[in-house]
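Okay, here's what each chain looks like letter by letter:
2 protein chains.
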Amino acid sequence: MRASVLSDWLAQHLDRGNGQPLYRQLHRLLQQAILSRELPAGSKVPSSRLLAAELGIARNTVTQVYEQLVLEGYVSSATGRGTFVADSAPDEIIGTPDASAAPDAANLPDATRGAPDAALRQALFAPGSARLARSGTPLAPERALSRRGARLVAGAGVSKRQGGAFMPGVPDVTRFPARVWSRLQNKYWRRLRPDLLTYAPGGGQAWLRHVLADYLRTARSVQCAPEQIIITTGIHQSVDLAVRLLSDVGDVIWTEDPCYWGVRSVLQVSGLEVRPVAVDDEGINPGPDDLLQPPKLMLVTPSHQYPLGMVMSLQRRRMLLEYARQHQCWIIEDDYDSEFRYGSRPLASLQGLDSAGQVIYVGSFGKTLFPGLRIGYLVAPAALAERFATASAELYREGQLLQQAMLAEFIAEGHFTSHIRKMRALYGQRRGALLEAVAQRYGTTLPVLGGDAGLHLVLQLPPGADDRAAAAAALERNIVVRALSGYYAEAARAQPGLLLGYACVPDEEIVPAFATLSQALDERLGLG
Amino acid sequence: MRASVLSDWLAQHLDRGNGQPLYRQLHRLLQQAILSRELPAGSKVPSSRLLAAELGIARNTVTQVYEQLVLEGYVSSATGRGTFVADSAPDEIIGTPDASAAPDAANLPDATRGAPDAALRQALFAPGSARLARSGTPLAPERALSRRGARLVAGAGVSKRQGGAFMPGVPDVTRFPARVWSRLQNKYWRRLRPDLLTYAPGGGQAWLRHVLADYLRTARSVQCAPEQIIITTGIHQSVDLAVRLLSDVGDVIWTEDPCYWGVRSVLQVSGLEVRPVAVDDEGINPGPDDLLQPPKLMLVTPSHQYPLGMVMSLQRRRMLLEYARQHQCWIIEDDYDSEFRYGSRPLASLQGLDSAGQVIYVGSFGKTLFPGLRIGYLVAPAALAERFATASAELYREGQLLQQAMLAEFIAEGHFTSHIRKMRALYGQRRGALLEAVAQRYGTTLPVLGGDAGLHLVLQLPPGADDRAAAAAALERNIVVRALSGYYAEAARAQPGLLLGYACVPDEEIVPAFATLSQALDERLGLG
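Just so you know, the sequences run in chain order A and B. If you read the first sequence in this note's numbering, its first letter stands for residue 12, the second for the next number, and so on. If you read the second sequence in this note's numbering, its first letter stands for residue 12, the second for the next number, and so on.
Hints in this document: simulated from the structure, not taken from any laboratory. Please note that the accuracy of each hint is not assured.
Since the list gives no way to pick one copy over another, a pair counts as held whenever it fits inside one copy or between any two copies.
To be verified - Quick list of in silico lysine to aspartate or glutamate cross-link-like pairs, DMTMM-like style, CA-CA up to 25 Å: (1) K307 <-> E501; (2) K171 <-> E238; (3) K433 <-> D206; (4) K171 <-> D206.
Using the sequences and the hints given, assemble the complete structure.
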């Protein structure tokens with residue numbers, strides 16, 4: 012097609028009345044001409060000035076279309092020489108016009124190279140099937156997410172804020188020993204071991220698995236050999252792995268009510284039927300109706316119930332283990348922040364009491380080091396450890412071995428425990444400051460839950476108070492708190508309250524930030 | 012309980028005839044005594060010498076049990092002073108003996124603190140429910156994986172080897188510009204930005220999304236704004252996200268047959284019904300039966316069919332897009348290694364031809380940089396981009412922002428394209444050497460597929476040849492090859508062949524390694 016022929020063809024097909032911008036129409040038509048080889052590879056396209064004049068449209072429109080085509084690889088422009096059709100089109104290109112711009116399906120050539128896709132052609136163009144869209148048809152209406160996708164997005168609990176007073180669950184990353192970490196990093200990158208840059212073998216880096224097994228045995232009374240440790244990217248992936256290996260679609264899982272929103276989402280998209288079970292001051296407390304239908308799995312936070320903060324009593328642990336043993340349920344123990352206890356020593360893990368190989372223990376370095384690290388772990392029952400390792404490699408194709416080896420050395424050199432010790436003291440101070448601020452302002456009017464461990468506490472609000480409104484009022488003053496009621500699955504159980512994270516709040520900001528928060532509460536809830 | 016009373020009680024309960032090792036019995040009994048407060052917190056336990064003498068067992072057994080109890084946090088030992096019961100037990104501990112060691116359920120005390128868990132107690136100990144296990148009962152029989160878990164593990168394709176001649180799909184990580192990377196790393200860790208250490212906002216680090224959108228528009232003709240880019244940990248996570256958001260359990264997905272094993276596993280555990288569709292030399296080629304039941308999703312590798320290596324023809328692309336538009340199917344375009352083409356320029360992406368917002372484009376830095384990096388990306392349809400970002404944060408709780416920012420700078424400084432250029436030349440040489448070795452040894456007897464792009468080629472074997480046996484024979488000689496037939500879902504379609512990866516094989520090893528391989532082939536298949 013010569014330049015003048017092209018202009019004529021374009022003029023003929025541009026339709027000013029169909030509501031589509033000329034820019035888009037011109038772009039489509041030129042794509043079509045190139046793809047169909049009407050404009051063959053290497054041929055020069057008219058200058059933007061000439062084409063604009065011949066079509067009677069703004070030159071700027073043509074320039075923009077050409078720029079877009081360059082970006083898309085349809086044409087390339089050589090300074091001073093003009094714009095040429097790229098030769099990137101492979102041999103098999105034949106004259107099928109771009110479907111969305113095609114004048115009519117009847118125009119499609121019948122002769123295809125050996126027509127191996129005759130079935131596809133027939134399905135597309137058979138009577139009764141929808142005809143190809145005409146030029147200028149608006150884009151297809153937006154398609155919907157799947158049911159599980161829509162539910163996931165609608166119920167998403169994730170916040171756009173990841174720090175500041177009083178964001179719960181976020182540690183103080185400014186105190187992370189960056190210099191030590193950086194030194195280790197340099198060491199590993201200088202003497203580069205290629206095997207640390209490739210895919211992870213099932214389970215993760217061997218040294219880290221070893222060091223971690225020692226740590227968990229000693230610090231958390233977890234019964235485990237290094238082979239049982241599966242390195243993951245965190246609690247989410249650990250739970251995902253356990254759930255996919257141990258349950259099928261439609262199986263029932265008990266979660267604590269309230270519980271951590273993120274894990275609930277992971278369970279739901281895996282096709283589990285989530286049954287929220289009430290908690291009391293000894294932890295999860297299944298009622299008669301729950302017990303009549305034993306679940307396939309339970310997910311519990313025995314060391315520090317999330318978000319309320321109580322410790323599961325030993326008696327409750329035993330009963331849960333025994334019930335699980337009798338009914339062949341799996342228990343996932345989420346031990347997300349048990350390193351931070353102020354005053355009392357951590358209680359041994361539930362896994363450590365289990366003699367039936369029915370507990371899957373999961374934890375993470377997100378709170379103890381920094382969230383962005385994305386290293387967590389799962390302790391699999393010994394009998395299933397190898398299968399967990401294989402499944403993890405198969406499903407997630409993990410890597411990050413260099414970072415894992417570094418972390419192993421960081422732990423082995425004692426930096427991990429010393430960092431935890433420091434942070435425990437620091438968070439303990441902040442917690443003290445916040446507790447005092449609460450007591451000074453509200454006395455015993457607003458009781459505090461879960462103050463003796465973790466990275467946040469729960470400020471209970473009076474019955475009937477609207478905690479979401481309170482959180483919204485706080486956010487208007489740039490204070491992030493989370494409404495306790497949002498953590499409940501069953502509205503009837505929901506208690507009003509606010510989660511106040513203190514770990515990531517600098518000492519000197521705690522009192523003023525709490526003062527701001529209490530203004531918001533006083534105004535919105537008529538407290539004080 | 013005084014020490015002598017303890018010894019008597021232990022002597023009474025140790026049962027030499029029940030088949031359980033004394034070590035385990037003693038361990039359980041001591042746990043029970045501590046947990047039930049028969050041995051109260053802070054009390055001293057008898058020395059190992061004394062207890063061993065009183066019980067008439069080896070002192071070593073007692074020492075080992077004490078060490079285990081120290082690890083588990085039940086007791087602590089102070090050098091020179093003896094071993095003491097730890098005070099870590101919380102207040103609510105009452106005299107429930109360890110269930111697995113309990114002589115009988117009837118011995119359980121009835122008085123519980125307020126008995127909030129009466130229902131659980133009743134369920135456990137009601138007539139008709141299984142009785143508690145007696146001391147000495149062997150561990151519960153190993154529990155089974157779920158159906159999807161068992162299927163995942165049984166069908167796992169992941170290899171224990173991740174390098175060496177001729178491992179397919181693994182790039183040469185020794186050539187990665189470690190010095191440049193290390194310099195950037197130091198820069199980022201010196202001027203530490205706390206926001207890079209915390210959780211990722213939905214979608215990933217902003218600069219990387221921006222830089223990547225530019226790259227994909229230019230190099231791959233992908234139509235995208237930075238907001239459409241979702242940073243993931245790789246192809247597996249990208250596919251997982253798309254599938255969970257766009258399909259429900261039981262929905263049908265078309266995959267190419269043969270295809271990459273890892274992605275098939277991801278699809279299956281998400282509850283999809285995977286329907287393998289034949290391919291021909293123009294790509295996926297659905298037959299009449301396939302077309303009658305439009306799938307919810309299709310997963311294709313248009314730039315470079317995996318593992319066979321052909322490019323999907325433009326005609327096939329258009330028809331697939333049009334069929335998807337008519338039947339409201341989603342298309343996942345897996346563009347895993349299109350940067351490596353030798354000779355021909357890469358064909359533009361399928362996503363770039365789509366005007367209906369129905370293509371989800373996924374890619375990864377695993378092949379272009381190094382697999383262990385675990386950074387990949389997904390390009391979401393514009394209308395769904397924000398929901399994809401939210402879902403990604405909700406489901407995976409990602410981090411690694413510092414690494415992502417570094418990578419953005421690495422790309423922006425031009426290191427990425429220059430590395431790709433170097434590696435393309437290097438892999439081109441290795442590919443040439445391997446092709447020549449094949450031609451010299453086998454002439455045209457064993458044709459080669461997919462040799463003009465990617466990191467591997469396929470050596471076809473004569474019809475009926477047992478390619479798995481050939482791969483096993485090669486492995487005995489320490490040569491890793493993968494049997495082509497293993498990539499097929501339908502045995503009737505499976506062609507025998509071997510995938511030979513050349514990218515991670517040093518130049519000088521290619522010829523000798525191929526000679527070793529051909530010996531194995533000659534012996535096993537009677538070739539030559």
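Tell me, which hint numbers fail for this structure? none
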